[in-house]
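A.B. asks: The primary structure of each chain is shown beneath.
There are 2 protein chains.
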Amino acid sequence: MVGVKVDGRLERGEQTRRQILRRAAEIASVEGLEGLSIGRLATELEVSKSGVFAHFGSKEELQLATVRAAAKIFLDQVVTPALELPPGGARLELLLEGWLVYSERRTFPGGCFFYAVQAEFDARPGRVRDAIAEYGRAWTALVRDTVEGVPDLAADPDQVAFELIAYLEMANAQSVLHDDPAAYARARTAVHSRLARPVG
Amino acid sequence: MVGVKVDGRLERGEQTRRQILRRAAEIASVEGLEGLSIGRLATELEVSKSGVFAHFGSKEELQLATVRAAAKIFLDQVVTPALELPPGGARLELLLEGWLVYSERRTFPGGCFFYAVQAEFDARPGRVRDAIAEYGRAWTALVRDTVEGVPDLAADPDQVAFELIAYLEMANAQSVLHDDPAAYARARTAVHSRLARPVG
DNA sequence: AATTTGTACGAACGATCGTACAGTTTGTTT
DNA sequence: AAACAAACTGTACGATCGTTCGTACAAATT
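Chains as they are written, first to last, in my numbering: chain A, 1 to 200; chain B, 1 to 200.
Hints listed in this document are in silico derivations from the structure and should not be mistaken for laboratory results. By construction, the Cβ of each residue, glycine as well, lies at the ideal position given by its N, Cα and C atoms. Please note that a few of the clues may not be correct.
Unchecked claim - Residues from chain A that keep clear of chain B, each with C-beta distances beyond 10 Å, as calculated:
1. Glu-11
2. Ser-29
3. Leu-64
4. Leu-83
5. Glu-84
6. Glu-97
7. Gly-149
8. Gln-159
9. Val-176
Said to hold, decoys possible - Chain B stretches covered by chain A per the calculated footprint, using a threshold of three residues with CB under 8 Å from any CB of chain A:
10. 22-34
11. 108-116
12. 167-180
Sequences and hints are given; from them, build the entire structure.
C.D. replies: Okay, structure coming up:
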């Protein structure tokens with residue numbers, strides 16, 4: 001059953017939309033979701049401003065779609081590979097190492113997309129902030145649950161998850177701001193030291 | 001020798017400038033240094049836009065002055081009190097606890113000013129980023145040096161400082177984004193657990 | 001009293017922002 | 001081949017951005 005009937009117009013539209021969102025996420029990781037402007041996006045992609053606008057209907061919708069697109073990239077690169085391992089220490093290590101590599105190799109040119117937009121929207125109300133906060137909660141919950149799957153750490157998974165995520169974000173922040181790759185080494189040291197130490 | 005000769009015009013100008021910068025830092029901690037606009041600042045302070053502008057000559061200078069003003073507040077509230085204690089564990093604890101209180105009681109309405117603007121400027125070039133990075137380095141160096149003053153931690157002060165600062169920033173980020181004061185409790189737990197454990 | 005200096009104002013500028021809408025191109029359906 | 005639907009374009013809008021400039025007024029200097 002090869003050759004599913006596809007409307008070539010819709011196909012083209014979706015591809016354009018994907019290109020817009022990919023570039024939007026790249027820009028937003030550097031300039032923020034507010035710094036992201038429809039006009040600039042259109043210029044860089046060599047399409048019309050109204051063409052970009054028509055895909056989303058408002059800037060807020062563009063921002064929300066950008067967040068969702070970035071989340072999908074994050075999921076594919078960091079979460080999914082780890083979930084292929086059974087719960088336990090190996091899964092947790094792959095999850096954390098996957099995050100560090102995701103940040104380190106600049107999947108987004110400005111470092112972790114969510115670090116950038118969290119800090120940008122954390123103190124203002126609105127749907128964009130709510131969406132970002134929801135993804136943040138999901139990530140925290142995932143790390144906590146993964147920690148819970150490691151017997152030696154299961155006594156206080158919230159606390160351990162807090163510390164582990166703190167190391168990751170710190171590495172991202174330091175390495176981007178100071179162009180200092182050594183931050184990742186320090187984060188790895190901190191992570192392994194934390195994982196080696198039982199809690200309770 | 002009371003009554004230093006002061007030019008009343010300069011005096012008035014400086015006071016206006018201080019009011020502008022205080023409000024600018026408040027706004028920037030929520031909306032960022034780019035979201036900070038001269039027109040809005042003028043409206044909120046009920047002065048003319050050109051009046052605000054004239055004090056700085058360019059938006060970039062306003063941003064730089066805002067960063068310096070915020071640094072002064074941070075210094076007074078967090079750094080100076082700690083430096084009044086002799087080097088050692090007590091000084092380190094006061095420094096870290098001072099930071100947590102500075103963030104927790106919302107000295108700036110958007111949480112830590114430097115967390116917000118670091119994430120905003122970390123990936124773009126320019127004088128504002130350079131200034132922010134410099135303050136970041138100074139803060140890191142201060143924490144490292146303070147750690148070095150604690151014999152049990154002096155073996156790897158960079159690593160310990162990395163972890164401690166990570167806890168602080170994580171608490172700020174989580175509490176602002178999720179309106180969750182429990183983040184500070186977790187940071188305190190992490191800090192004390194870290195301080196109680198010798199390095200080496 | 002006349003002059004200089006510094007703060008603050010009001011009006012206007014070109015550019016860019018998000019948004020609206022009518023028209024064109026391109027592909028599908030009949 | 002005609003009718004239609006979807007993606008995309010061009011032009012225009014009101015608002016706001018940072019910035020410039022000439023002016024008004026108060027305080028210090030002479």
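A.B. asks: Against each hint, give a clear statement of whether it holds in the structure.
C.D. replies: A quick look at each hint next to the structure:
Distance to chain B confirms Glu-11/A as a non-interface residue, since its nearest Cβ pair spans about 34 Å, more than 10 Å. Not every CB of chain B is more than 10 Å from the CB of Ser-29/A (nearest about 7 Å), against its label as outside the interface. The Cβ of Leu-64/A sits about 17 Å from the closest Cβ of chain B, beyond the 10 Å cut-off, so the non-interface label holds. Every beta carbon of chain B lies more than 10 Å from that of Leu-83/A, the smallest distance being close to 24 Å; the non-interface claim holds.
Distance check for Glu-84/A against chain B: the nearest CB is about 28 Å away, which clears 10 Å, and the non-interface claim stands. Every CB of chain B lies more than 10 Å from the CB of Glu-97/A, the least distance being 17 Å, so the non-interface label holds. Distance check on Gly-149/A: its Cβ is at least 20 Å (rounded) from any Cβ of chain B, clearing the 10 Å threshold; non-interface status holds. For Gln-159/A, the non-interface assignment is contradicted: its Cβ lies about 6 Å from the closest Cβ of chain B, within the 10 Å cut-off.
Annotated as non-interface, Val-176/A brings its C-beta within 10 Å of a C-beta of chain B; the closest such distance is 4 Å. Restraint check on the stretch 22-34 of chain B versus chain A: 5 residues with Cβ-Cβ distances below 8 Å, three needed, restraint holds. Judged by the Cβ-Cβ criterion of 8 Å, the stretch 108-116 of chain B is covered by chain A as claimed, because 5 of its residues qualify and three suffice. Counting residues of the stretch 167-180 of chain B whose CB lies closer than 8 Å to any CB of chain A gives 8, which reaches the minimum of 3, so the coverage claim holds.
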